[in-house]
Each structure stands twice: as structure tokens, then as C-alpha cells.
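All chains, full assembly: derive it from the sequences and hints.
As you go down the protein sequences, you meet chains A and B in turn.
Numbering-wise (the working numbering), the first sequence opens with residue 1 and increments by one.
Numbering-wise (the working numbering), the second sequence opens with residue 1 and increments by one.
It should be emphasised that the hints constitute simulated quantities derived from the structure, not laboratory data.
Among the hints, erroneous ones may be present.
Within a straight-line C-alpha distance of at most 25 Å, the following computed SDA-like cross-link-like pairs (lysine to any residue) qualify [what the hints assert, rightly or not]:
| no. | chain 1 | residue 1 | chain 2 | residue 2 |
| --- | --- | --- | --- | --- |
| 1 | B | K98 | A | T159 |
| 2 | B | K339 | B | T372 |
| 3 | B | K98 | A | E116 |
| 4 | A | K98 | B | P122 |
| 5 | B | K250 | A | T341 |
| 6 | A | K14 | A | T341 |
| 7 | A | K77 | B | I106 |
| 8 | B | K134 | A | L229 |
| 9 | A | K105 | B | A79 |
| 10 | B | K134 | B | K98 |
| 11 | A | K320 | A | R331 |
| 12 | B | K111 | A | T93 |
| 13 | B | K180 | B | I106 |
| 14 | B | K104 | A | S73 |
| 15 | A | K348 | B | R140 |
| 16 | B | K355 | B | P345 |
| 17 | B | K111 | A | K14 |
| 18 | B | K7 | B | N17 |
| 19 | A | K4 | A | D232 |
| 20 | A | K260 | A | K348 |
| 21 | B | K57 | A | D24 |
| 22 | A | K104 | B | S73 |
| 23 | A | K326 | A | P295 |
Over 10 Å on every C-beta distance to chain A, these chain B residues come out as not near it, computed from the model [said to hold, decoys possible]:
| no. | residue |
| --- | --- |
| 24 | K7 |
| 25 | P295 |
| 26 | N310 |
| 27 | K323 |
| 28 | D367 |
The following label-pair restraints were derived from C-beta to C-beta distances [unchecked claim]:
| no. | chain 1 | residue 1 | chain 2 | residue 2 | range |
| --- | --- | --- | --- | --- | --- |
| 29 | A | M55 | B | E185 | 18 to 28 Å |
| 30 | B | K339 | A | K208 | 34 to 44 Å |
| 31 | B | E115 | A | K111 | 32 to 42 Å |
| 32 | B | E185 | A | G103 | 35 to 45 Å |
| 33 | A | K234 | B | D53 | 48 to 58 Å |
| 34 | B | G60 | A | E182 | 15 to 25 Å |
| 35 | A | T179 | B | P295 | 35 to 45 Å |
| 36 | A | T59 | B | E312 | 25 to 35 Å |
Glycine residues also receive a C-beta, built at the ideal position from the N, C-alpha and C atoms.
2 protein chains.
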Amino acid sequence: MSKKLTKREEDYSKWYNELVVKADMAESSGVRGMMVIKPYGYAIWEKMQAELDRMFKETGHENAYFPLLIPKSYFSKEASHVDGFAKECAVVTHYRLKTTDDGKKIVVDEKAKLEEELIIRPTSETIIWDSYRKWIQSYRDLPLLINQWANVVRWEMRTRLFLRTAEFLWQEGHTAHETKEEAIEETKKMQGVYADFAENFMAMPVVKGYKSESERFAGALETYTIEALMQDGKALQAGTSHFLGQNFAKAFDVKFTTRKGKQDYVWATSWGASTRLMGALVMTHSDDKGLVLPPRLAPIQLVIVPIHRNDEQLDAINTKVDKMLKELRSRGVSVKYDKRTTYKPGWKFAEYELKGVPLRIAIGPRDLENNTVELARRDTLTKEII
Amino acid sequence: MSKKLTKREEDYSKWYNELVVKADMAESSGVRGMMVIKPYGYAIWEKMQAELDRMFKETGHENAYFPLLIPKSYFSKEASHVDGFAKECAVVTHYRLKTTDDGKKIVVDEKAKLEEELIIRPTSETIIWDSYRKWIQSYRDLPLLINQWANVVRWEMRTRLFLRTAEFLWQEGHTAHETKEEAIEETKKMQGVYADFAENFMAMPVVKGYKSESERFAGALETYTIEALMQDGKALQAGTSHFLGQNFAKAFDVKFTTRKGKQDYVWATSWGASTRLMGALVMTHSDDKGLVLPPRLAPIQLVIVPIHRNDEQLDAINTKVDKMLKELRSRGVSVKYDKRTTYKPGWKFAEYELKGVPLRIAIGPRDLENNTVELARRDTLTKEII
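Next comes the structure, spelled out in C-alpha cells:
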């Protein structure tokens, strides 16, 4: 098979990159540092997204959507925030292209220069707090618990599929509270949600921690993280939750009338997890044969491969399998029957191992006679006849 | 109540804008032509998205994700395509900001100029077909049926909330086929999916049509649309499906080995529907009192308002309603009990009429005695005691 993987002990980093590409999760695009998330990878991300979204809604958060582009002036209102992001900003300066006078080239139309440059959001605190000023007047409007699913751009110099890309998909929660204590409680609650998600849904053990002053999010007073341990012994940041104090409320003048009738600035948090989780998933569970997907994240939970020498045998297997498919699907199992005759069973076995399908059933003529199947587990690589 | 709406017959366009803002669906942001979709509006969009996504998957499509930014050179590979979009492109020219030498201002770092400008996708045909070249070799790889949920930017001069905004959310399907006939069939199938969705899910009658040559999508051979009739007698385009012929395959050199062993260019379609559907929804169903939401799209399907003069009465109503809530929620009804004492019942009635909640129950002390409630329908504005 041509999809031979580099072994982890040979070159862990090369193994990772090859696996992401060969398992059809993602690939590099023609745009520097930006990836294409292929259907197999995107289906895993959709499952993560659905579960996280459910958890956010259960904890009282609502989704909204804020603009992709942020005026430069907003961005510089919070000093440490702009310091942290200025070096990695994609800047929109013009809004039109035109054909050159000789009709041969497409160029930027210099007449369509923006008065103020716009930044593609590297994160959305500034544009969101600019709205919150309009949304928050009184303690009755608090807490304000909003989440956004979005794409962001950070112009990274060294990129790696999923782990560090110039564009990534993520969710960013942005909340506003009456008191410091309530905001800190929210920050820790969301760190807890991330830890639960990682451990119970991704089967990925994590350590809850917080960042030193120099590593904190730009604009935060405290940054809590969950860190997952990768097979190469390194820790990977898999979600962060920031206590922002009153920094953004002061920068964007978001005041509220307190229960005592006074004016005060609101207290803020933000928290995010991204497609980087896909990289963490790969590095936590996979082996030299390919991905290993936890059943709750697998686009295909079970694959069935027929073993046959002729059409007659295949027909008999098809009849048997069609019954199995109906029953399995009615139980909510995501099952694929790969009866393509253009590939041999051995090739298919390797393919689904590479893609991390949790369970594989092989079924041949002898199985039909004995009313058995061969069941193989991807995680332990064990087989049994049942 | 301060949220008084302009009447439709007075000024339809003003009525529309006011309603979108007052019903808390969306508002303008500080960025020219870009809106903030507020939680109430976003919850409606999420329901649309979930249903459309289900319909796309049922018809065999898979989701993927392609980069936000497109090199200028890709964009100009298909001549009529670039002609159609050049005038409304947001152009990224730099990737870094810096502080001026005197430390007082944040400016674009001229040293961080991109060699080739990047365009924020106004649509993704070019970047997607650049990937398809790698994904498609043989007829066995076809049809390729991909959809993407994404944000796009088109620098519109005159914008209106939902109907025409510089950034909007949408889905764009991009498919590749062996034959012209199959591609045309796909184009019509997706026009049909949009029509089904509009009529059966949004309760919005539409007419299927196609565009004249001058109105076609830039790069398409044929553009099919669904058009919905608004209350002011105007038609609104609510979804388009394009037969692209071999234009993009030729521009991006996407050839495949046919069943007969020859090389040929693949046949393409693309189709999209956007947050403009939200505008269509407002204009189809609403009246001078506010939104009217079809039950399947309503974030709140039923609201319950207590009518009381003192705390004792409210307590008794609460006990009764808590039982009702449990039963209604267990049946999957999205129900809200608004027992806030900071607002009077009349204010609440107007508020939920404005927001288009399909059903309202009012319950007072006499209802407790008689074991009745007052049920009001939003669409017909009729009330009955049940």
C-alpha cells in the first residue's frame, strides 16, 4: 500500500503531518499557512462542535455572530491586547480590483483605498465589547453569556496542520458580569467544561492549569488552560479561559447601573477552543498504523468488509449484511459497508486502520455457514470470531 | 411601549429595518455594512442551518472547509468570474501592524507587505477548484459532492440588514461530475431542495426560475433561482444554483480519466443560500405588530405570562406553570415562562408579539379556579379560553 506512514519513533513530527494528510483529514492549500479541512476531518470537527455547543447551551450561553473585520482603531483601544496581536494581523487596505489599462492584468484599484484599515479578527474581544456597550445598561442585563463559532486569522510564521495555522476555526465565548467573583467563577466553569469535554468525549486526559504572567492572553489578568499530554512527552494547550477583569469594559466604556444605583464597569471573561483540538486528538490516540478514533467522534464507527472469491459469494454476503445494516443503523450506529470490488480486503483493512475506524467486521463464505463474523478493534488491534 | 414600529403602508423599507433591530435579530456594527447577528436572530439562523444541513446530507453531500483568503491570481483565472466580483473585493495587502517610532500610533507595517495580495472570499469556486485538481483523477472520484458553511465578503455600496450586507453567512455547495447531464440534474435538484426548504420549513411560497444571461452568476452557463414574493409586491432571490459547465475545470485544469480511458474536464455546479433568507422570512410573515415566526423556526414556540396582583397569586400560578413546563418540555416544545415582575403583562404581550412567538398563554387567578388558560395565536392574533 502506497500510504505507508513514517513511524513515530523515527520522526514524531513527520509522522503527525503524514497521518493528517493520508487519513484525509486536512491538507495544505495554495494560501500560505492556511489548510483545507477535508470531509473526513470536517466530520470529526462537526461532532466536536455539536457536543461543545450542547455543553455551552446547557451552561446558559447563547450564540451570536460578530463581524469578521475590525477597524484598526478598535483594536488599539486596549494597549496590551494590541501589543499581543499586532505582529500577526492580516490587514485589509482596499475594497476593489481593476483591470489595467492595457487589459492584461488584474490589480488592486488604488482609488479604492479604505480610510481606516480593517483587521481580520485574530480574536473578537474588541468588536464584541463595542457592541456590549449598547447591550448593557443595568445589572438586569447581566450576566451576558455569548458564544460565537467563527474563523480567525493569525499570521503565524511557522505553521502545522491543525496545530498552528494562519486561519483556524474556533468558538469564542465572551461574557460580562456584575462582580469580579462571578467573572472568575465563569472563567473556571468554562475551564471545567473544556476539561470534561476533552476527557469524556475525546478520551483525552488533561491537566488544568494557569499561565504565567508572560504567557497570558493579551489583555487578560489570568489565563486558565487545559493541557493535554502528547505521546512525545510534550504538553499541548487544548483550550483557554481568560479572566479579563475590567480591561475591555474600560477600553470600550461599558458601564452598568448596579443594584445600589451606582455606575460601574462590568467584569469580563473570554474562552476558546479551536481546530487545534483535532491535532490533539491525532497525537493522543494514534499509532504507527494510523488514527485511532474514540467511537463518539468517529464519522464511521463500524466498517464491514466482505471477503469473497466470486460474485455468487458476494451476493450471499450482501444479503446477510443488508439485514445487519438495517439493525445497526436503527440503533444509531454509523456503519459503512465497503463492497467495492476495485480494492482487495487487505487494502481496505489498512485503509480503515489508517482512518481510525473503531470497529471492523470481516465476513466471508465460511462465516455465512457458521453464522459468525470476525470483529477487529482498532484501539487494541485484537480480533475475535463472534 | 417605546418599541413602536413604523407601519408597513407608511414606509415598508423603514418598517423592515426597524423590525429587524427592535425584534433583536440584528443590528449594524461599527464596520461599514457589516451586521451583528444577535442571539435571537442567530437562534433562527441555527434552525435554518440545521435543517438545510440535514437536507444536503440526505442528498449525499459532505461538508468541508476551504481557506478564507484567496490569492489574487486564482481569482483571475476564470475571466467572467473576476469581472463579476472585482468591484466588490476586500483586499489583504499586509500582515502586520506596528507602533510608530514615537510610540503614539498603531500603523500598518509597510515592511510586511504581501508579495501577492489576498482576496477575502466573495465566493469560493476558485480556491475549491484549485483543491479539486488534487482530489479528482478518475471517474471513480466522481461525483464529488461538497458543501461549505462559511462567511463571505462582498463590498456592497448600499447595504441593508440581512438582505445585503458586506459580510454574510451562507453555505456554498460545489460539485464535480462526469457528464454535463449529471451536473445539470444536480443543479436542478438543489434548486428543488431550496424550494422545499422555503415552502415546507419557512412557510414561504417561492417560484422556481432562471436568470437571464446578464443576471447570471459570474462564470455560470445557467443560474437557477428560487424567488419569493414579498409583501410589497417585489420578488426576492432566496437561493441560487449554478450550472458552471467546464469553465472552472478548464481554468484550474481539473481533468479525469473517463470510463473509456480518455481524459476530459469535469462538469461543475455551485449553489448557495445565505442569511438573506432571514430577511425573506421577516418580509414574508411579519405585520405591523412585529415578526410572525413559523413554529419550526421559532427560538421560543410558546411563551407563558402570569397575570397577578400580589406575590401570593404569583406563587400559585408558578406552581401550576411549573407542572405545565415539565410536560411541554418533555414533548419537545420550546417554552419560556416570563415571570419577571419588572415588566407588566401588557408590555410582555407586545414584546412577544414583536418577536413573533407563535403561541402565548396568559394565566391568572381566575384561570387557576376554572382550570383554564387564555391562548393567543400570533399569526391570526386570535384568542381563546381553553
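C-beta pair E115(B), K111(A): status relative to the range 32 to 42 Å that was hinted:
With Cβ atoms ~22 Å apart, the hint is violated.
Indicate whether the distance between the beta carbons of T59(A) and E312(B) respects the range 25 to 35 Å.
34 Å, holds
Is K77(A) within 25 Å of I106(B), Cα to Cα?
10 Å, holds
Next pair to validate is K4(A) with D232(A); report whether the Cα-Cα distance is within 25 Å.
Cα-Cα ~21 Å, so holds.
For a C-alpha distance cap of 25 Å, please report whether K104(A) and S73(B) respect it.
Measuring from Cα to Cα gives roughly 13 Å; hence the hint holds.
Once the closest CB in chain A is found, is it more than 10 Å from P295(B)?
Holds, since 20 Å exceeds 10 Å.
Run the distance test for K7(B) versus N17(B): straight-line Cα separation, threshold 25 Å.
Judged against 25 Å, a Cα distance of about 12 Å means the pair holds.
25 Å Cα cutoff - pair K57(B), D24(A)
19 Å, holds
Would D367(B) pass as off the interface with chain A, using Cβ distances and a cut of 10 Å?
At about 28 Å from chain A, D367(B) clears the 10 Å cut-off, so the statement holds.
Between K14(A) and T341(A), is the straight-line Cα distance small enough, at 25 Å or below?
This hinted pair is violated, its Cα atoms lying about 33 Å apart.
Given the hint that K98(B) pairs with T159(A), does the C-alpha gap stay at or below 25 Å?
Holds. K98(B) to T159(A) sits at ~22 Å (cutoff 25 Å).
Straight-line Cα separation of K355(B) and P345(B) no greater than 25 Å?
Holds, because 15 Å separates the two Cα atoms, which is no more than 25 Å.
Checked against the numbered hints listed earlier, the structure breaks hints 5, 6, 8, 10, 13, 17, 20, 29, 31, 33 and 34; every other hint is satisfied.
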